[in-house]
Amino acid sequence: MLYQAIVFLPLLGAAVAGLLSVRQQHWPAEIVTVVGVCASFLLSCFAFYHVALLHNPVTLDVARWINSADFVANWSFRFDTLTAVMLIVVTSVSSCVHIYSIGYMHHDKARARFMSYLSLFTFSMLMLVTSDNLLQLFFGWEGVGVASYLLIGFWYHKPSAHKAAMKAFIVNRVGDFGFALGIFVIFYLFGSIEFDDIFSNASDFSNTSIVFLGFELPALEVAAILLFIGAMGKSAQLGLHTWLPDAMEGPTPVSALIHAATMVTAGVFLVCRLSPVIEYAPFALDVITVVGALTAIFAATIGMTQFDIKRVIAYSTCSQLGYMFFAAGVSAYPAAMFHLTTHAFFKALLFLGAGSVIHALSDEQDLRNMGGIWRKIPITYSLMWIGSLALAGFPFFAGYYSKDMILEAAWASHSFTGQMAFWLGCAAALLTAFYSWRLLIMAFHGKPRCSAEVFEHVHESPPIMILPLIPLAFGAIFAGWFGYQSFVGYDMSYFWGDSLFILPEHHAMEEAHHVAEWVKRLPVILAASGVGLAIIAYLIIPSLPARVVSMARPIHTLFFNKWFFDELYDLLFVRASVRFGRFLWVKGDKQTIDAFGPDGLSGLVLNGSNKLSKLQSGYVYHYAFAMMIGVVMLLSWYFSGFGR
Amino acid sequence: MLSSWPILSIVTFLPLIGVLFILLASGNNKSSEHNCKMLAIWVSSFTFIVSLILYFGFDTTMAGYQFEEQVEWIAGSGISYHLGVDGISMPFILLSTFLTPLSILASWHSIKNRVREFMIAFLVLETMMVGMFASLDMMMFYLFFEGVLIPMFLIIGIWGGPRRVYAAFKFFLYTLAGSVLMLVGIMVMYLQAGTTDIPVLSDFNFPPELQYWLFIGFFASFAVKVPMWPVHTWLPDAHVEAPTAGSMILAGVLLKMGGYGFIRFSLPMFPDASVYFAPFIFVLSVVAIIYTSLVALAQSDMKKLIAYSSVAHMGFVTIGIFTLNEQGITGAMFQMISHGLVSAALFFCVGIVYDRLHTREIDAYGGVADVMPNYAVFFMIMMLASVGLPGTSGFVGEILVLVGAYKASSLVAFFAATGLVLGATYMLWLYRRVVFGRAEKGEVIRMPVLNNREITILVPLTIFIVWFGIYPAPLLDVLNPVVALISEAVSNTQMATANLQ
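Chains as they are written, first to last, in the numbering used here: chain B, 201 to 844; chain X, 4 to 504.
Isolated chain B, as found in the complex:
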């Protein structure tokens, strides 16, 4: 019962808050949702203790869902270490964000609805991570998609907001298209979509091939890649990433919870959850590594050039997710999960900190209009420092442990793709540090670039927005140090138990601990030089960025315009499909089918019946007339001798 309560308490909160929002009762709605999520967090700690620390994985069958012959999907839950880790991440960040939102949304007239959506999201996310079969996971997967859609479009007055909401949903649907096909392939192979059945039989299918779209392909590779396409959509990986920066149109707490800490990591979770299958798909692993590594560097190049404070952090998220994926791609799932956890804390911290900055500057999001405010909001400032230090991977901060682990594992995998991921990851580490400090300096230092009126008004956020940041800051500082031994250190295999599976011949994880000293040092050195560069460019010689931009105009244009992905997609898919749809409608339906079919015919009949209706009028008569034609045809055909 306690385990189910973890999942359903937020749903209850969402439902109650939803009803309260109709009557505009904001305080009760806020209390109900916060209590629901916090209770869920406490129970999650309990579950973590029992499941992960005491090693009592549990599966619970709750009710029937869809069954048709051999296709059976039940409502059932699975609590193992992987789930428990996700539970802690989701409920802790969600609790902080819920509390923070009370302050941040204080002036909004629809904040009860907002709280309801937040809790609904939390519920969906918990369904996703606790599912015991692929279909229920898909339920949570789509559920978080809808919650994200609702929250991005929360300020539905803003055209940019509902446009971004729709974009997020549809780009995610493209990923889900792959996910759904992946489920079908899995069911076709295994005859089941229950995790236990899939995982215990995966090795039997390592050499099986199936015919997919007319090609004969290795079965597990096909399944793994299709499911990974789903993961790419949700986790905004290269190609399906375009929705994430636009999603920043939503309120900032949403960005922190959904588009940094939890939902976007669902793809990484999925890959880790399916490690027993993906391990037997070496090509899929390579694909994951390459996509992850490319995303890591690609998003970082864009993040460097953006001016919207939230978009910079959004691209940083995109890039960090790339790290997690290439970790998974080299079979270092524990490292991926480790980074997922630490990243959740420091990225949520950064976003909520950015929210405080935006709040302080009267809803200003453009870095060019900030600056010089660090003395006025010292707490936010220092919290942003903590977040940035963790993100850049400075020693003893959380990101240091997890990111270095990933890079070391990539190096230690000794594969070509692993090496590539290592070098791209190192380059991205440099850029990460650079854009983090660029953000810090532009937002807090230098001369104030906002209007005097706004500057006068700059104030530290109320306690209700500062307090939730404290636990996140603790996480950003200590999570790495604290979790190291269990997640990726000597207790690793004991801690994860059966929830992650690594083939014995994939030993990137063990060897990562024994790489050369320079491999361990390099990321830190690069990060430090990134910070140095940012300080030189933005603090010491403020004219430098403009000069560099004018020197490297084409590259900057490419980066600044996000490699023109949006424009390309708009041309290829959005406008093309609307135009093609209109073409089919006018040329196909109207001018071909109708012109030759019913309009021609009905013209004839109308003419005929018009003449007849001079004798007698009324629609029933027309019917009778048409019916007569049928009977006459039938009779003449009958008497012509058929059937005799």
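Check before you lean on any hint, since a few could be wrong.
[What the hints assert, rightly or not] Here are a few chain X residues that face chain B, going by a calculated C-beta distance under 7 Å: (1) Val298; (2) Gln330; (3) Thr333; (4) Pro393; (5) Leu403; (6) Ala420; (7) Arg441; (8) Ala476.
For the record, the hints were derived by calculation from the structure and aren't laboratory data.
Think of the CB as a built atom: it goes at the ideal place given N, C-alpha and C, for glycine as much as any other residue.
With chain B's structure known, arrange chain X on it following the hints.
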């Protein structure tokens, strides 16, 4: 005790008793109009309650026909008055009896002239629909099947929009053209088997060559009703011109006649032909899904958009049926019931704003969420159900169809699954243009909030849509045994043919 009652006859003909009373209510003044409405709503609600006996008295362990009634009609002819339901027809009867009172309620104020006749047409329509699903005799089935057309033809032609005559005739010509071929088929079958009894014909082995021709005859009729591409163009016109209630029943029940026909006749009676023609139907259905989804994107008329989306959704149904496996057929059945609820609700949602603004142009709206927040919530749920979100009934059908389709051919599943993306696109875009944004136009700002009557219609629809999405077992339990029987029969023929070759 109840089992000895002719429940099916009662459910079928109860609405006609209502018609009788309405005819008796004389006068053309306001109060008699009101009485007609009240009579219609009471009779149809009562019919729904009686029809619930069919559900609660249904033996889900049995695949065969239940609540059977048989009386010889023409002595020695093999034609009889034969009613009965199985897991395929029972859900449709409930869908019909459920949607009729809601539709009558939906037209409470929007129908202003000839109210009496409208109510009569609706009750007759109900009898025809229920009778069609309950018939176990080909002749009776044909009568009801054709009979459905008349009231619907009148509803569109008399109470429809400006181009109602064109739409009514288009609707009529299309469907009649198909039906004539089916009648020929029925005659041929009668001459072969000497009976029009459906259970007997289902077990009768028609020679494969004849099956092909019969299949085509029936296909012509059912494909128009579904409607399948390229004989779908009557549907958008019919919907656009039909009054709200007409659209609700048209999309909710009448579109299912084709799918029902395929499952009831084509699969069991012409199994060889079904196997033979399956690829052809897959192609048409996939084209329907992609083609009509794209066309839906280009629409500026709300009703047309939803009408085109219906064609796309019915494409999933025909794919599911002709996968010939259990998941596919169950999914198709589920999709039909779900679509019946969702599309009726969507058309009603359009009707709600149409009643207020008297236009279906999407651009005339915008920012409806501001003025009608409750409406925005209901419309959102329906929109998500139409998109096939897990947790709504739309998902269960769609996913089962796709699972079945993948078993039949990965290519079909691949192209059909593009509907997941396209469907989301046009529905979300519609929603965005109508509901989101700031209400700036004066007429939009003055739109009143949902009234109790409208909420009364939306709430039960919402409950069933969500319930079937979360706990579909009540419906699946009814479907599973009979679907197993049908798909087994088809696969046996499939194997037999394979052995012969």
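Outcome of the hint check:
no. : hint   : result
1   : Val298 : 4 Å, holds
2   : Gln330 : 5 Å, holds
3   : Thr333 : 4 Å, holds
4   : Pro393 : 4 Å, holds
5   : Leu403 : 6 Å, holds
6   : Ala420 : 5 Å, holds
7   : Arg441 : 5 Å, holds
8   : Ala476 : 5 Å, holds
In terms of the numbered hints stated before, the structure departs from none.
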